[in-house]
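Number of protein chains: 2
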Amino acid sequence: MLTKNHIKLITSLKQKKFRSQHNLFVVEGIKGIQEFLNSSFELHQLFAVDDIFGVDFIQISEKELHRISNLKSPNKAIALFNIPSNSHIVTKGLSVALDDVRDPGNLGTIIRLCDWFGIQNLICSNETVDCYNPKVVQATMGSLTRVAVNYVDLNVFIDDYDKAVFGTFMDGDNIYEQSLPSEGLIILGNEANGISANIETLVTQRITIPRFGDLKATESLNVATATGIVLSEFKRSFTEM
Amino acid sequence: MLTKNHIKLITSLKQKKFRSQHNLFVVEGIKGIQEFLNSSFELHQLFAVDDIFGVDFIQISEKELHRISNLKSPNKAIALFNIPSNSHIVTKGLSVALDDVRDPGNLGTIIRLCDWFGIQNLICSNETVDCYNPKVVQATMGSLTRVAVNYVDLNVFIDDYDKAVFGTFMDGDNIYEQSLPSEGLIILGNEANGISANIETLVTQRITIPRFGDLKATESLNVATATGIVLSEFKRSFTEM
Numbered sequence: 155m156l157t158k159n160h161i162k163l164i165t166s167l168k169q170k171k172f173r174s175q176h177n178l179f180v181v182e183g184i185k186g187i188q189e190f191l192n193s194s195f196e197l198h199q200l201f202a203v204d205d206i207f208g209v210d211f212i213q214i215s216e217k218e219l220h221r222i223s224n225l226k227s228p229n230k231a232i233a234l235f236n237i238p239s240n241s242h243i244v245t246k247g248l249s250v251a252l253d254d255v256r257d258p259g260n261l262g263t264i265i266r267l268c269d270w271f272g273i274q275n276l277i278c279s280n281e282t283v284d285c286y287n288p289k290v291v292q293a294t295m296g297s298l299t300r301v302a303v304n305y306v307d308l309n310v311f312i313d314d315y316d317k318a319v320f321g322t323f324m325d326g327d328n329i330y331e332q333s334l335p336s337e338g339l340i341i342l343g344n345e346a347n348g349i350s351a352n353i354e355t356l357v358t359q360r361i362t363i364p365r366f367g368d369l370k371a372t373e374s375l376n377v378a379t380a381t382g383i384v385l386s387e388f389k390r391s392f393t394e395m
Numbered sequence: 155m156l157t158k159n160h161i162k163l164i165t166s167l168k169q170k171k172f173r174s175q176h177n178l179f180v181v182e183g184i185k186g187i188q189e190f191l192n193s194s195f196e197l198h199q200l201f202a203v204d205d206i207f208g209v210d211f212i213q214i215s216e217k218e219l220h221r222i223s224n225l226k227s228p229n230k231a232i233a234l235f236n237i238p239s240n241s242h243i244v245t246k247g248l249s250v251a252l253d254d255v256r257d258p259g260n261l262g263t264i265i266r267l268c269d270w271f272g273i274q275n276l277i278c279s280n281e282t283v284d285c286y287n288p289k290v291v292q293a294t295m296g297s298l299t300r301v302a303v304n305y306v307d308l309n310v311f312i313d314d315y316d317k318a319v320f321g322t323f324m325d326g327d328n329i330y331e332q333s334l335p336s337e338g339l340i341i342l343g344n345e346a347n348g349i350s351a352n353i354e355t356l357v358t359q360r361i362t363i364p365r366f367g368d369l370k371a372t373e374s375l376n377v378a379t380a381t382g383i384v385l386s387e388f389k390r391s392f393t394e395m
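The listed protein sequences correspond, in order, to chains A and B. Position 44 (the first sequence) corresponds to 198 in this note's numbering; numbering is contiguous. Position 145 (the second sequence) corresponds to 299 in this note's numbering; numbering is contiguous.
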């Protein structure tokens, strides 16, 4: 039975403060929940309209599901999983770092891109939006089960990092004309302000995606689409070598 | 003075039915409105808290602005522009066609990408989300003033099109290994279902963005990020020739 305390807990998890306090986050929908069940994430509690997954669950009505869901069209179930502790950051191969990305949809898309391009580590500045925000979890389409997301003091992390540090800037070198390595860190910046001045001083190679439109064309690309293009270039370039 | 009729008109323009009926759409914020004022779009009516643009306007209070705005944090002004009639479609160079893209954020990002990569024509199936939807207009960041968006019967349009027709599929040829032309049509499909069966029969070259993650990795990329990667490849490839 769905109790008042369940409702209170689930709705509180929209806020980062309560996610940290309870060490829990919400996953919705059959496909998403199944991906988390198949992963190393630990299920805390499952609410469903039916026995869908073959694990212990609390049966709820469609009406109750609508009441606790963050979605306009909830899909049969909502689950609470434990937030894992920060994993060991593997700096082998290519890694991506985000310097203060704020939009949950952008972070979700970037996690999905990391998954597609085989990037195992996504390093986020502490100011970057929380990857357990329900909108991020929903946007990752399960990729959060395969990409390790770590929140760090980005200055300290990059200071300790010993390979090439790439940053995207409007005035960087044309990415199509660079020889791109198979190892390194690629930094993407905040939606409005780009990479912060502090982090900029730590960048060893400034790159840019050239603009082909005329001079009046848009001043910048969305950070998630820029991430996609940059990752595609690194992977293509390395594969051709 | 802001009248009841103004409020009724502006709020009605959230719906496509009323945008078509009045032939008007909404642009918000100083930067966006300025870009439309500098373009060939015709201003119908401007509401602002102050004389910002040096053109005729109806003065409103911040409270009234919040009442008529679609945004959480409206920025000083809201303008109604006339919807232009379908422009002549120029099929020279590269064009992009969307087969039933439904998400306003995706369409907005794709319009911005077309602007960045110098694609002047975006051809949309009649089922694709309306580019004058307020969420699309906001997401384009002014790129809608530079990219001509036309809604057509996509079957008929492609039937008449006489250059290569590229479509993105999971089982297409590796885009990194193709010689890509400077002219042609690139089709991107619906978020959930991809390119429809009808349109698929008209595709002359099936392409794919290779996945580098392991077999369990995400099944697909977001349509806007896929558009970005494909356009980057076409433009890079042609520039190198």
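Hints may contain errors.
Note that the list lumps identical chains together, so a pair holds whenever it fits in one copy or between two copies.
Straight-line C-alpha distance at most 25 angstroms; calculated SDA-like pairs for lysine to any residue [stated by the list, open to error]:
(1) K230 - Q213
(2) K226 - D327
(3) K162 - H176
(4) K370 - Q188
Hints are computed from structural coordinates only; laboratory data are not their basis. Nothing here was measured: the structure is a model prediction, and the numbers come from that model.
Against the structure, the hints:
1. In this assembly of identical chains, the alpha carbons of K230 and Q213 lie at most 25 angstroms apart only when taken from the same copy (10 angstroms versus 49 angstroms across copies).
2. Taking the shortest Cα distances, K226 and D327 never come within 25 angstroms of each other, neither inside one copy (44 angstroms) nor across copies (37 angstroms).
3. Taking CA atoms no more than 25 angstroms apart as the test, K162 paired with H176 passes inside one copy only; the shortest distance there is 12 angstroms, against 45 angstroms between copies.
4. For a Cα distance limit of 25 angstroms, the shortest separation of K370 from Q188 across copies, 13 angstroms, qualifies, whereas the shortest one inside one copy, 47 angstroms, does not.
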